[in-house]
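If you want the building blocks of each chain, they are given just below.
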Amino acid sequence: MNIVLVGLNYRSAPVEVREHFTVPEDELEQALTRLKETTGIEEAVLVSTCNRTEVYVIADMIDTARKDLESFFASISHVSPQDFRAHIYVYTGLQVVFHLHRVVTGLDSMVLGETQILGQVRDAFLFAQAKKATGHVFNQLFRDAITFGKRVQTETGIGQSAVSVSYAAVSLAKKVFDSLHEQSVLVLGAGKMADLTVKYLQSQGVKQLFVVNRTFARAKDMAEQVGGVSLPMDKLEEALLIADIVITSSGGASYLITPSTVAKRMALRKARPLFFIDIAVPRNVDPSLSHLDNVYVYDIDDLQTVVTSGLATRQQEASHVNGMIEEQVAAFETWLSSQNGVRLIASLQQKATEVQESVLYSLFHKMPDLDDKQKKIIQKHMASVVHQLLRDPILVTKQVAIEQDSALLLPILARAFGLTYEDAMTQSVTQEKAPRQTKMDALEVRGQVTHPVTVLPAL
Amino acid sequence: MMFLLSPYFYFMVLGFYLISNGFFFMDFIKDNKVANRMGVAILLLVWILDTLFIGARILLLHEWPLFSAFQATMLFSWLLISLSGIITLFYRVDFFVFFLNLCGLLFALFDVMVHGHVGSGIIHQSDLLVVHISAALLSYIAFSIAAIFSLLYLLESYSLRLKRFDSGPFRRLPPLAQLDRFAFRASLVGVPLLFLAIVLGAIWYYILTGHVVDMDAKPVISVLLFLLYASYLYLHVKGKVSGRKAAWLNILAFVLVIINFLVVSAFVSSFHRW
Numbered sequence: 001m002n003i004v005l006v007g008l009n010y011r012s013a014p015v016e017v018r019e020h021f022t023v024p025e026d027e028l029e030q031a032l033t034r035l036k037e038t039t040g041i042e043e044a045v046l047v048s049t050c051n052r053t054e055v056y057v058i059a060d061m062i063d064t065a066r067k068d069l070e071s072f073f074a075s076i077s078h079v080s081p082q083d084f085r086a087h088i089y090v091y092t093g094l095q096v097v098f099h100l101h102r103v104v105t106g107l108d109s110m111v112l113g114e115t116q117i118l119g120q121v122r123d124a125f126l127f128a129q130a131k132k133a134t135g136h137v138f139n140q141l142f143r144d145a146i147t148f149g150k151r152v153q154t155e156t157g158i159g160q161s162a163v164s165v166s167y168a169a170v171s172l173a174k175k176v177f178d179s180l181h182e183q184s185v186l187v188l189g190a191g192k193m194a195d196l197t198v199k200y201l202q203s204q205g206v207k208q209l210f211v212v213n214r215t216f217a218r219a220k221d222m223a224e225q226v227g228g229v230s231l232p233m234d235k236l237e238e239a240l241l242i243a244d245i246v247i248t249s250s251g252g253a254s255y256l257i258t259p260s261t262v263a264k265r266m267a268l269r270k271a272r273p274l275f276f277i278d279i280a281v282p283r284n285v286d287p288s289l290s291h292l293d294n295v296y297v298y299d300i301d302d303l304q305t306v307v308t309s310g311l312a313t314r315q316q317e318a319s320h321v322n323g324m325i326e327e328q329v330a331a332f333e334t335w336l337s338s339q340n341g342v343r344l345i346a347s348l349q350q351k352a353t354e355v356q357e358s359v360l361y362s363l364f365h366k367m368p369d370l371d372d373k374q375k376k377i378i379q380k381h382m383a384s385v386v387h388q389l390l391r392d393p394i395l396v397t398k399q400v401a402i403e404q405d406s407a408l409l410l411p412i413l414a415r416a417f418g419l420t421y422e423d424a425m426t427q428s429v430t431q432e433k434a435p436r437q438t439k440m441d442a443l444e445v446r447g448q449v450t451h452p453v454t455v456l457p458a459l
Numbered sequence: 460m461m462f463l464l465s466p467y468f469y470f471m472v473l474g475f476y477l478i479s480n481g482f483f484f485m486d487f488i489k490d491n492k493v494a495n496r497m498g499v500a501i502l503l504l505v506w507i508l509d510t511l512f513i514g515a516r517i518l519l520l521h522e523w524p525l526f527s528a529f530q531a532t533m534l535f536s537w538l539l540i541s542l543s544g545i546i547t548l549f550y551r552v553d554f555f556v557f558f559l560n561l562c563g564l565l566f567a568l569f570d571v572m573v574h575g576h577v578g579s580g581i582i583h584q585s586d587l588l589v590v591h592i593s594a595a596l597l598s599y600i601a602f603s604i605a606a607i608f609s610l611l612y613l614l615e616s617y618s619l620r621l622k623r624f625d626s627g628p629f630r631r632l633p634p635l636a637q638l639d640r641f642a643f644r645a646s647l648v649g650v651p652l653l654f655l656a657i658v659l660g661a662i663w664y665y666i667l668t669g670h671v672v673d674m675d676a677k678p679v680i681s682v683l684l685f686l687l688y689a690s691y692l693y694l695h696v697k698g699k700v701s702g703r704k705a706a707w708l709n710i711l712a713f714v715l716v717i718i719n720f721l722v723v724s725a726f727v728s729s730f731h732r733w
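Protein sequence lines correspond, in order, to chains L and H. For the first sequence, the positions run 1 to 459 when our numbering is used. For the second sequence, the positions run 460 to 733 when our numbering is used.
By construction, these hints were calculated from the structure, which means they are not laboratory data. A hint or two may mislead.
Said to hold, decoys possible - In silico DSSO-like pairs for lysine-lysine, Cα to Cα no more than 30 angstroms straight-line:
| # | chain 1 | residue 1 | chain 2 | residue 2 |
| --- | --- | --- | --- | --- |
| 1 | H | K677 | L | K174 |
| 2 | L | K235 | H | K677 |
| 3 | L | K264 | H | K489 |
| 4 | L | K199 | H | K704 |
| 5 | H | K704 | L | K270 |
| 6 | L | K264 | H | K492 |
| 7 | L | K199 | H | K622 |
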């Protein structure tokens, strides 16, 4: 069993390459089915976003899986492997676990610490799980990773600080106002930067939007575009009574909004704060306005400072998150090692059951006069003997499986049990639950025969 | 069990309280989450020890913790720790626990310094007095909470104004509007409780002495306090005071609360010993 990842992202491939590999939502099922049906692939999860396409698989052989996944990429993109080989990356084993944890925490994202990717990975996993493309390894790995991603979001500040000017403007506003849903926005001037900030504010659900511009026609155009109300320039002072957030990006060498204008209005606003984002250069809002109570003024440099500080915070948190990821990977490695023990124990139990059933079959044939009660007593005692004999070897195997040199010790144990280690490892733990047809099945009469040893799917 | 009643036990609790506040202070200054967790853990220990201390005095000495300055301060600190835990369960506000417990600690330390020992109270007081003391104590707790929200408001407001985007108050505190609302609501709870305490105190005094309360410092400052908080509420509702001015007014009123609770009772009032 090998964990293999083949993928490409914004770092390994430019957008003109990446765009060929994006799997549309309506083609996801088909793509996943194709992966699932590939010989040698036991489990698969396909993550496809605008910045990355990654295929996670559990495969018998790494090299074969790599080739199969290259063919898969070629089929979804209609690009030949030699043309995209330089853009893809391949990870195996614990590298995949490490990478997945970096992805869900946003450490591998274009915007460090962004949180959207966690939802995308979760959706991809749930989709694969619903289509029965995952098994117990990926169920464990992805659940752990998603839970970890959520933990990182709540316990660290990696996704909280602003990393763009528009985001910075909104986060500053959120420091003053309880909820942006109740706030009205006034836009003074119709610059491109203001447009971006307004759109971002709109996405946060502001109540009302007013646009004021020297040229009323332009104000009208912008108001129509953003779904706001246009006002002529001479209504600016009145608009300052209604608005809570003012975004300015108008031209002109002198201040358009001065302390004397605002002080008069503040007296009438009845304790409502007034928040200015001045994106214009030269500035439209007199910075001395911030001396007034309940008035907050920020210019483009302030927003840039917020962004720089936000990026620094995220970088700082990233190193902390990296440490947390290493712990997660170590924990998963322990779990994965224990699974080899589970497989070996399952093989041992299977062998014991077969021996027990074979002996019982032979015994019952040689003693045909035994009644059902006697048979049941013999079965019960035989099961008890087998169970007691296996108890210590199972405990030792469980212990050895999580030790550092388990890779060396487990094959020795397998040999001591008279089992072939490689055969035991190919045994799928989940498949063990399926009922087996044995000689004893013939002897099972209305549930009188109880299987003495149950194959355990997990430790 | 007797150890629970000894002054040494109380000083040990105060010691832990001091250490807990030290950790919260470290978190406040250095933005240290580990220190915060340590502070919370030790505060929990303080709460348990404080509960044992109060519980032992009730069970063994049959003393309700209301009838001496020491007991009231002890109960006040215990209530502050409990409240900070309950409030944090429902709505986490960084630094709130620190300032609230700093307030509790300062009250407790002041009391120990002034009275110097673990004092006993006068038992078997009338029900009227019990309600009077309880209402006054609860109003002081509400005013403490209000003052702390106002203080947090000022910290965040100055961070925003001075553009300190790296500072803890900027990054870790909720919006100003929320802090202002919490301060207002806490004061709204405190004012009727204080009114009740003043009225019941006056009635109790009349029943006891047959005289109406005279111009003693305690009732005078209590009434002043009531008027100050009532004005704060009125001006806030009318929108005549808001933002930093409202926060400063609230903090100023709380300074009067401290004076009234600690200084006036201990040194100025002729009949109200605490």
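Now for the hints, and whether the structure bears them out:
no.	hint	verdict
1	H:K677 to L:K174	43 angstroms, violated
2	L:K235 to H:K677	55 angstroms, violated
3	L:K264 to H:K489	41 angstroms, violated
4	L:K199 to H:K704	34 angstroms, violated
5	H:K704 to L:K270	13 angstroms, holds
6	L:K264 to H:K492	44 angstroms, violated
7	L:K199 to H:K622	25 angstroms, holds
The structure shown violates the earlier hints numbered 1, 2, 3, 4, 6.
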